[in-house]
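Q: Heads up: the protein sequence lines correspond to chains A and S, in order. Note that this note's numbering has the first sequence beginning at 142, numbered continuously upward. Note that this note's numbering has the second sequence beginning at 72, numbered continuously upward.
Hints listed in this document are in silico derivations from the structure and should not be mistaken for laboratory results. None of the values given here were measured: they were computed from a predicted structure. Please note that a few of the clues may not be correct.
As the list claims (entries may be wrong) - Below 27 Å or equal to it, Euclidean Cα-Cα: the simulated DSSO-like pairs (lysine-lysine) are:
1. S:Lys501 / S:Lys529
2. S:Lys153 / A:Lys230
3. S:Lys138 / S:Lys153
4. S:Lys527 / S:Lys501
5. A:Lys224 / A:Lys257
6. S:Lys138 / A:Lys257
7. S:Lys506 / S:Lys530
8. A:Lys224 / S:Lys153
9. S:Lys506 / S:Lys527
10. S:Lys187 / S:Lys138
11. S:Lys270 / S:Lys255
12. A:Lys222 / S:Lys530
13. A:Lys222 / S:Lys270
14. S:Lys255 / S:Lys78
15. S:Lys138 / S:Lys255
16. S:Lys501 / S:Lys530
17. A:Lys257 / S:Lys530
18. S:Lys78 / S:Lys153
Unchecked claim - Here chain S is said to cover these stretches of chain A; the calculated rule only asks that three of the stretch's residues, wherever they fall, bring their Cβ under 8 Å from a Cβ of chain S:
19. 207–213
20. 241–255
Stated by the list, open to error - Below, a sample of chain A positions facing chain S; criterion: calculated Cβ distance under 10 Å:
21. Arg165
22. Pro167
23. Ala168
24. Val169
25. Ser188
26. Thr192
27. Gly216
28. Leu217
29. Ser238
30. Pro258
31. Ser276
Glycine included, each C-beta is placed from N, C-alpha and C at the ideal position.
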Amino acid sequence: MSSPLRSSSADNPAGRALILVVERNPAVQRLERFFLEQAGYSVEFASDGVTALARAQELCPKIVVTEILVPRLDGLSLCRKLKSDPRTKSIIVLVFSHLHAEDRALEAGADAFIVKPIDEDHLIDIVSKLLEISSEGAGG
Amino acid sequence: MAIERLKTGNPNVDEVLHGGFPINTINVVMGAPGTGKTILAEQLVFANATAEAPMLYLTTLSEPLDKFIQHGQSYEFFDSSKVGETVFYEDLGMMVRERGISALAEIVTELLTERKPRLIVIDSFKALNELIETPQDRRTILFDLASVLTAYNCTAFLVGEYSGEMMTDLPEFAIADSIILLMKQSTGVREQRFLRVEKLRGSASVPGMHAFNISEEGIELFPRLLTPEISQLYTSEPERVNTGVAGLDDMVEQGFWRGSTTLVAGPTGSGKTIMGLHFIREGVVNNEPGVYLGFQENPVQLSRVMSHFDWEPKEPVKNEAFELMYRSPVEMQLDSVAAELFRRVREGRVKRVVVDAIGDLKKSSADPQRFSDYMYALTQWFATENVTCLLLYELHHLFESPQISDEEISNMSDNIILLSFSRSEEMTRKIRIIKTRGSGHDHREHTLDITSSGVKVKKFS
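Chain A extracted, bound-state conformation (with noise of 0.2 Å):
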């Protein structure tokens, strides 16, 4: 498994990769928190897409894992919004749904699709591989 990529802006203090989680749902958030947390990541949550697009923009995240199907701003729609920001667009956005909507997910212009029940090896091989190539493509 790759380490999780230290970055000034959007790590927290003890270094660790910042990811905002867009979950409706507390057992959801709980399993998403659990795996996360112990692959060495610092999460944060939002339940719904209004509330995460202001976190967004206040923590500035390496990246958002999206459910599509949360309320007042669908994931979908959280997505655009944040690739449409200059003060987000650079943050990675992975959607995370039951809803097969892999192709609609990219042309919002997520990073990123997969579909839940959540596989925690897949999850986390996934946010790696995203980290990875934001960390390339910022070495240059």
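Place chain S on chain A using the hints.
A: Using the frame of chain A, we list chain S on its own:
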């Protein structure tokens, strides 16, 4: 003024509802778990969702929203590209947990103003109802919700695992404009689903229990067959139909009346199937398309039977005027078979029908009275559509049978032919016409020979 209706996405359900659900109504879809309530509701939602008419599907506390999505996507009607565009799923259960059940009407109002849907489903509404502590609170909360749903231009569906006795106790049944009951019935190891319209305010509907299956396409319903209103029309075409069985037509004044139903009863091996094949083959020769509905011999076995005879065309089963509807008697459903046959008749595609045999159809019916009603309606439809029909019926006694068939089937048949064996060493096949309606007939018993040309009545002079 004609009522504006919402199509269900399923033409046969629309037929039962006389065109669909009246719009701007509150409707209850009830039934035990696993009866297909959510599938019915989701099919309705996806069939009607457009940018101008978005749909709102509110899940509650019976199943997590993710389950709805996961399961829904296994059906062909579930268009995931519509989710979030014209079909909006929301977790009402979560909102109610956060704000309390007393805020139900307020939460729904917020969602209505946000999404502006033309259709709203609350699934399961019963699960929300269980959060309400007193009957007084239930009345008040339901009244407030009904007020919002009635005030807003949308059609609402309250889905729930309600049982029949709850209909008199719970206020949602009082406010409902329609109540649709879905149920499962088991007979031995067989299980069948049924839909019944319990209430449809301001509109007629097709009464009774309508069987349905659930497939990848969603709900496949078979509306209960009703007897046509003008059944006496069946005598209107004064034309005789040849059976193709040499010597038989002469016994009934040159053939049976067109549109008549003839019961051919006899023990195994007495020649019923060959007689049925003759009848359909004669139709092929005279350009009268026919359907052979068979439950015992599969197409290969029937072709083998026909290949023994010097018939032209050699294989009528390959002729487009001859349709073989083979159904295995295992897991066969009366309603689906009858509905399929009836559809062909109504489309005017067939002139002759053979059912081989009635006993197999009857075995697949859970309720003998229902079977009888269905057969009566079907034969009346045959009559009004001038479709001539042979119903084959297997008797269990080789030589003499104490009774020809169930009383109802005999009564609904215009003509009855009895096949049997003689008790002689040769066990000669015998044929006798027991009854003809509106026609004279030869009452005598004759020999039925099987020759290279098929069966043939050998009359004694």
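Q: Taken at face value, is the distance from the CA of Lys153 (chain S) to the CA of Lys138 (chain S) at most 27 Å?
A: Since the Cα atoms of Lys138 (chain S) and Lys153 (chain S) sit roughly 18 Å apart, the hinted pair holds (cutoff 27 Å).
Q: Regarding the pair Lys138 (chain S) and Lys255 (chain S), is the alpha-carbon distance no greater than 27 Å?
A: Measuring from Cα to Cα gives roughly 22 Å; hence the hint holds.
Q: Is the listed coverage of the stretch 207–213 of chain A by chain S valid when you require three or more residues with a beta carbon under 8 Å from a beta carbon of that chain?
A: holds (count 3)
Q: Does Arg165 (chain A) meet its interface restraint, that is, does its C-beta lie within less than 10 Å of any C-beta in chain S?
A: holds (6 Å)
Q: With a cut-off of 10 Å, does the beta carbon of Leu217 (chain A) approach a beta carbon of chain S closely enough for the hint to hold?
A: holds (6 Å)
Q: Keeping to a limit of 27 Å between CA atoms, is the pair of Lys506 (chain S) and Lys527 (chain S) held or broken?
A: holds (20 Å)
Q: Are the Cα positions of Lys138 (chain S) and Lys257 (chain A) separated by 27 Å at most?
A: holds (11 Å)
Q: Please work out if Lys270 (chain S) and Lys255 (chain S) have their alpha carbons no farther apart than 27 Å.
A: Cα-Cα ~19 Å, so holds.
Q: Take the C-alpha atoms of Lys224 (chain A) and Lys257 (chain A), compute the straight-line distance between them, and say whether it is at most 27 Å.
A: At roughly 23 Å apart (the allowed maximum being 27 Å), Lys257 (chain A) and Lys224 (chain A) satisfy the hint.
Q: For the pair we were handed, Lys153 (chain S) and Lys230 (chain A), check the Cα-Cα distance against 27 Å.
A: Satisfied, since the Cα-Cα distance of roughly 26 Å is no more than 27 Å.
Q: Hold the hint about Pro167 (chain A) up to the distance rule: shortest CB distance to chain S must be less than 10 Å.
A: The hint holds - Pro167 (chain A) has a Cβ within 10 Å of chain S, the shortest such distance being about 8 Å.
Q: The hint names Thr192 (chain A) as touching chain S; please verify it with the least Cβ-Cβ distance against 10 Å.
A: violated (14 Å)
Checked against the numbered hints listed earlier, the structure breaks hints 12, 13, 17, 26, 31; every other hint is satisfied.
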